[in-house]
Structures are given as structure tokens and as C-alpha cells.
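Q: Per the UniProt record's numbering, residue 1 is the first one in the sequence shown, and the count goes up by one each step.
Don't read these hints as lab results, they were simulated from the structure. A portion of the hints provided could be inaccurate.
Stated by the list, open to error - Heads up, simulated PhoX-like pairs for lysine-lysine below, C-alpha to C-alpha not over 25 Å straight-line:
#1 Lys25 with Lys86
#2 Lys41 with Lys25
#3 Lys215 with Lys146
#4 Lys146 with Lys181
#5 Lys276 with Lys129
#6 Lys129 with Lys143
#7 Lys25 with Lys129
#8 Lys81 with Lys143
Note that the structure is a prediction, hence the values are computed from the model and not measured.
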Amino acid sequence: MLFRVIVSASICALALSMYIADPSKWERHPYLVKVLTKDVKLGNISTCTGTLLSPSVVLTNAKCFQGDQKNIAAQAIIRKKDTVDKLNKAMLAFRIDDDLAIMKIDPVVEDQFCEKEPHPPRVSRLNFKPSLTEATYQNVDPKELKDSRCRVVGFTTNENVEDFATSRGVQVLELDVFPDKDNLMFSEVNANSTGRVCWDDIGAPLECVINEENKWVQVGLVNGLYGREMEKDSNSTMALSCSDVQTMQFVVFGDDTFVNAIENVDKSSVFEAQDKCF
């Protein structure tokens, strides 16, 4: 069991995204979403990462919605199809279920929302089992992911918090994941030769290859970061910078929490997107 104090996205004012990983491009992962939340009463802003599940649904981490939820306003920054432009979509409603947050957004309107392979996926691929009548979502057992090929997809590191909203770079980090407890998994930074995630990557998708189709499937998301102990005379275990991060924690879709959240927000659009896009 991991025992270090978890560090949420809003603890540190630095806006540092994925740290030392393989570079990629947003157009190769157009389902990746930037999430900005604001406490309209206090003025506090949090930046996180999420995934587009349908033209009107975004998945992210509940830590993006801290404080009095009645005062939270949010928007999703989405890459516009076939251009370098971005879409700023207002959040219309949201639902928190344990560590997960499902955002209902102003729908993305495009002539052809998604195209199947070889085009990049417009929405995150979920673990749906095809059916002649209705697709069924299959939960993922964290213990079965230990030997799977897994990765995290996130946005490029930005030293300035304001740059997070405008940057377009994406980075991909392959890693080894290990079961912790319940639906949690972790990855030790020292076990990864290519890098780690940092604050803005809370909510970034954990993707694994879990079946014979050899496709990347979102099985969870980044849930927290653990910091190494500070100096001996300090009682703090808070990570003050990306270099202090020792462990990444993930929440895995191992029970009905995820699918129940979808059903209570916009089940039909998510199921339809999975059918049309894949």
C-alpha cells in the first residue's frame, strides 16, 4: 500500500505537464482535452487534462473540481478537426463519482465528427464489447494490467501556467504499472527510463493494450502524484517540483463507478461515439 501524501493538481502553482517523455502531436491524439476550472467566488484556477468521450462529454479527475462545487465554472479546450485552431467549450454540467468527473459540455459540431482508422481517434477508445443489439462496457481488473503494455498521454511541459491553454505539444510516456489497492495502480518514477507526469496531467488517460486487437484502450486516468520526503527536519512530504515526484497513482475503471457516471450524464452519446469512431 502506498503511504505517501497525495498531491493534488491545485496544490502547486507551477503548471508543469509531462516531464521527459516521447514527443508527439496533438493531431495524433485529438481526443486529448485541456480542462480549466475556476472558483468564481475565490478566483482560483485549476488546470487538468481530460479525454473526449463524445461530442458532448469529457472525462477528467475529480481533483479538478475542488472547493465549493456550486461556484465552479469550467471549460474544455479541444483541438479543432483538420486545423491548428482550438475550440473552447463551456461546461454545462458535471458529475463527480469518487475520483472521476464527467463534464457535459457545449457539443462539438463538425461535419464529420470522427473517421475510422487510419485516421487518429477523435474520442478516447474505451473497453466496449461489440454486440448486435447494444455495446457493453467491460470493467478492467487492475491485477491483469501488470503485464500489459501501458502509457500515459499528456500535454508538453510548460513553465508558465498561462501557456497551458495555448500550447499544442503532446508527449507520450510508456510505463510499468502495478496494482495498489481497490481500483488504484501506481508506477514508480525510478522504474521508468523515459520520464514522469506532473501537475497538469492529473486526469490524463492511462491507456493499455488489453486484447488481441493490439489497440490502445483507456483503462483509467492519472489520479495523483507522490513526493519524496524533504529534509529530515521537515514533516512535509509535499512534492514542490516535478523532480520531487517519486510515484504516479492511477485510478482504473475496475468497477461500475465509471459506467454509472456515464449513464447519469449522457450514456447514449458516449455509446454512439464508440460505435461510429471505432
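Q: Need the status of pair Lys41, Lys25: alpha-carbon distance at most 25 Å?
A: violated, 36 Å
Q: Starting from Lys25, check that the Cα of Lys129 is at most 25 Å away, please.
A: Distance of about 29 Å is beyond 25 Å: violated.
Q: Can you confirm whether the C-alpha distance between Lys146 and Lys181 stays at or below 25 Å?
A: holds, 13 Å
Q: CA of Lys81 to CA of Lys143, is that 25 Å or under?
A: Given pair Lys81, Lys143 is violated - Cα atoms ~37 Å apart, limit 25 Å.
Q: Is it true that the CA of Lys276 sits at most 25 Å from the CA of Lys129?
A: Answer holds: Lys276 to Lys129 is near 14 Å, not above 25 Å.
Q: Going straight from one Cα to the other, do Lys215 and Lys146 come out at no more than 25 Å?
A: holds, 17 Å
Q: Does Lys143 sit within 25 Å of Lys129, going by the straight-line distance between their CA atoms?
A: holds, 20 Å
Q: Mind checking the alpha carbons of Lys25 and Lys86 for me, to see if they're no more than 25 Å apart?
A: This hinted pair holds, its Cα atoms lying about 14 Å apart.
Hint compliance for this structure: hints 2, 7 and 8 are not met, and every other hint is.
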